[in-house]
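In the order they appear, the protein sequences are chains A and B. Under the working numbering, read the first sequence as residues 1269 to 1619, first letter to last. Under the working numbering, read the second sequence as residues 1269 to 1619, first letter to last.
Hints listed in this document are in silico derivations from the structure and should not be mistaken for laboratory results. Among the clues, some could well be false.
Unchecked claim - Listing some non-contacts, in silico: residues in chain A with all C-beta distances to chain B over 10 angstroms:
(1) 1472
(2) 1482
(3) 1572
What the hints assert, rightly or not - Derived DSSO-like pairs (lysine-lysine); straight-line CA-CA distance at most 27 angstroms:
(4) 1475/A to 1527/A
(5) 1527/A to 1478/A
(6) 1527/B to 1475/B
(7) 1527/B to 1596/B
(8) 1285/B to 1596/A
(9) 1596/B to 1285/A
This one's a predicted model, so the numbers in the text were calculated from it and none came from an experiment. Beta carbons: idealized from backbone N, C-alpha and C, even for Gly.
2 protein chains.
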Amino acid sequence: MSQAETAALIDDLLAGKHRALARVISKIENRAPGYRELVSELHEHTGGATVVGVTGSPGAGKSTLVDKMAETYRERGETVGVIAIDPSSPFSGGAVLGDRIRMASNVGDMDVFFRSMSARGTLGGLSTATTDAVKALDAFGKDRIIIETVGAGQNEVDIVGTADTVAVLVPPSSGDDVQMLKAGILEIADVFVVNKADLDGADRTVKELKEMVHMRDASPLAGTAGHHGADAGRDDDPTGGADDEDDGWTPPIVETVAKRGDGVEEFLGTLHDHREWLASSGELESRRRERYAEEIRRLLREEAADLVQTEIDTRGGLDAYVDAVVAKETDPYAVAEEVVAPIRNRIEEQQ
Amino acid sequence: MSQAETAALIDDLLAGKHRALARVISKIENRAPGYRELVSELHEHTGGATVVGVTGSPGAGKSTLVDKMAETYRERGETVGVIAIDPSSPFSGGAVLGDRIRMASNVGDMDVFFRSMSARGTLGGLSTATTDAVKALDAFGKDRIIIETVGAGQNEVDIVGTADTVAVLVPPSSGDDVQMLKAGILEIADVFVVNKADLDGADRTVKELKEMVHMRDASPLAGTAGHHGADAGRDDDPTGGADDEDDGWTPPIVETVAKRGDGVEEFLGTLHDHREWLASSGELESRRRERYAEEIRRLLREEAADLVQTEIDTRGGLDAYVDAVVAKETDPYAVAEEVVAPIRNRIEEQQ
Chain A
1269 MSQAETAALI
1279 DDLLAGKHRA
1289 LARVISKIEN
1299 RAPGYRELVS
1309 ELHEHTGGAT
1319 VVGVTGSPGA
1329 GKSTLVDKMA
1339 ETYRERGETV
1349 GVIAIDPSSP
1359 FSGGAVLGDR
1369 IRMASNVGDM
1379 DVFFRSMSAR
1389 GTLGGLSTAT
1399 TDAVKALDAF
1409 GKDRIIIETV
1419 GAGQNEVDIV
1429 GTADTVAVLV
1439 PPSSGDDVQM
1449 LKAGILEIAD
1459 VFVVNKADLD
1469 GADRTVKELK
1479 EMVHMRDASP
1489 LAGTAGHHGA
1499 DAGRDDDPTG
1509 GADDEDDGWT
1519 PPIVETVAKR
1529 GDGVEEFLGT
1539 LHDHREWLAS
1549 SGELESRRRE
1559 RYAEEIRRLL
1569 REEAADLVQT
1579 EIDTRGGLDA
1589 YVDAVVAKET
1599 DPYAVAEEVV
1609 APIRNRIEEQ
1619 Q
Chain B
1269 MSQAETAALI
1279 DDLLAGKHRA
1289 LARVISKIEN
1299 RAPGYRELVS
1309 ELHEHTGGAT
1319 VVGVTGSPGA
1329 GKSTLVDKMA
1339 ETYRERGETV
1349 GVIAIDPSSP
1359 FSGGAVLGDR
1369 IRMASNVGDM
1379 DVFFRSMSAR
1389 GTLGGLSTAT
1399 TDAVKALDAF
1409 GKDRIIIETV
1419 GAGQNEVDIV
1429 GTADTVAVLV
1439 PPSSGDDVQM
1449 LKAGILEIAD
1459 VFVVNKADLD
1469 GADRTVKELK
1479 EMVHMRDASP
1489 LAGTAGHHGA
1499 DAGRDDDPTG
1509 GADDEDDGWT
1519 PPIVETVAKR
1529 GDGVEEFLGT
1539 LHDHREWLAS
1549 SGELESRRRE
1559 RYAEEIRRLL
1569 REEAADLVQT
1579 EIDTRGGLDA
1589 YVDAVVAKET
1599 DPYAVAEEVV
1609 APIRNRIEEQ
1619 Q
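My request is simple: use the sequences and hints to build the entire structure.
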């Protein structure tokens, strides 16, 4: 893509043309030639949108809730962009897409821009692609950006880490699900949503979540875990929301029945409260700084990996090394040293 | 650590001294000076052990099953090493340790060597630490190595990918759990274990797993997903185990009640069958090659990340760059290019 083409595409995107937005995101997904320049250009136009991450296990009702969020924002005259991420399996890709055809017809206008991305359809890391797609939506002028992702693994944690506010959906169910949450997602939750709150077990799930949030706040480990919520509130009321006294934030627990729209307004109110708290406490600024730092580190790791790949290719690929490792003539650490040492030496020579 | 100290430590480990084994694994966890040389030295002594990964959600009964496995192997006169991994939260670390104090007293001998590792206690990547600790146990002469890890995220997939055979535990429960499995773990399962098979819902879980395995085999996507099991069988009997016709492997579904020991012998028999299939089909060889290739790539990525960090440090750290990105004077891609370009140029100059 020539510089003139990049400039024209950016102009169209900034002018609010959805087709240009879709093209830019496709280039981001495919890492098409010139996509870096595109994303570089977008950066100065960002910062106007609020970015919310919605995560939770399959069946928790994420897509229904996200649809209702989008609908409600639209009714208020705000524009919305949704990025739905399927980080892992090729199996669920189709289902996600199927869901969203429905959504498009529900909402019936293009001001809800929906895009699904999967590991299979995206070259490179999904965190990078998500970060860049959010920039495109933000620069385009979307007021609200929602990142929807399944599950609680490290990938998902990295992905929702792109958002200012993270909502974790929990289905009413056995204690197992709440216990599962401990493994990674608790630390990043700014708001818990017990969806399908009309089902049996919802009260118990709310109670368990309250206890868990309370334990976290009381734990000596509080504040050491995770990049989000690390400084969340330490008061004794786990549903108390913002806590004026120590300027912290305790994740509230909201109940919704998304398919009927119950509790959606309250949920959006909680997101608004969190946003206000982020701004007034200085957390918004410090999270954004941390995100930029992480983005730079991630891009540098990718660049470094490219350098290493080039070095391996120059040496005729990995196969001969693997042969030697299998034959126990060498071992993986020795191979890594052999490949990287020349690069390190050249850098040091010039310093 | 001097070369002589490294040599003495290796000698002690190879002579079967558990204290030396524990010291080596500590050095691996802490990336103590000289740990790379240690692991390099271990490599030529490896290859004698069978390595089994056991994974599943919290509450599935992994630790009980692993205890019974270790006990049964010991009764057969085989030596056992267990590495229990807690990849994510600081919250469960204590619980895991608590469990294992119990185990040590059950088994009552040192030939079950147990070690737990957590992301918090381990510098660098857990996959690398696990790979290296397995090497130490293998070189030490343990006959059976069990890697136990929670959950189904990408980290866990990477970790159990260190094993020859992967067993996935599923608790009897609602369909949600089986659905959750689709997100990443299905592709790496060589054996499914429905533990707590005496509980309500076990039959249904077995049935759902059978359907899932069947769908996988029938799907045009079969064979494209995951690094393990990618060539698993495609026959119509999802519980059939090894399939002679196309030399594939269809994950069997085993039922156990680990706390009573029910089904444990059968489970170990299935692990044995899988091992036989791995060897006879050539999969053992090709998986080991793929693991070595991945290990080299991972070490190279780590080395490359170190180079980049050195470059950032040389330039006075990331903070000034983040300031400039916040002020929109530059953007993350431009920063990455600025840092990496000189390295790339120096490499190209010398080629």
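Verification of the supplied hints:
1. 1472: holds, 14 angstroms
2. 1482: About 13 angstroms separates residue 1482/A from the closest Cβ of chain B, which puts it past 10 angstroms; holds.
3. 1572: Nearest chain B Cβ is 3 angstroms from residue 1572/A, so the label is violated.
4. 1475/A to 1527/A: holds, 23 angstroms
5. 1527/A to 1478/A: holds, 24 angstroms
6. 1527/B to 1475/B: holds, 23 angstroms
7. 1527/B to 1596/B: Measuring from Cα to Cα gives roughly 60 angstroms; hence the hint is violated.
8. 1285/B to 1596/A: holds, 24 angstroms
9. 1596/B to 1285/A: holds, 24 angstroms
Consistency with the previously given hints fails for numbers 3, 7, ordered from lowest to highest.
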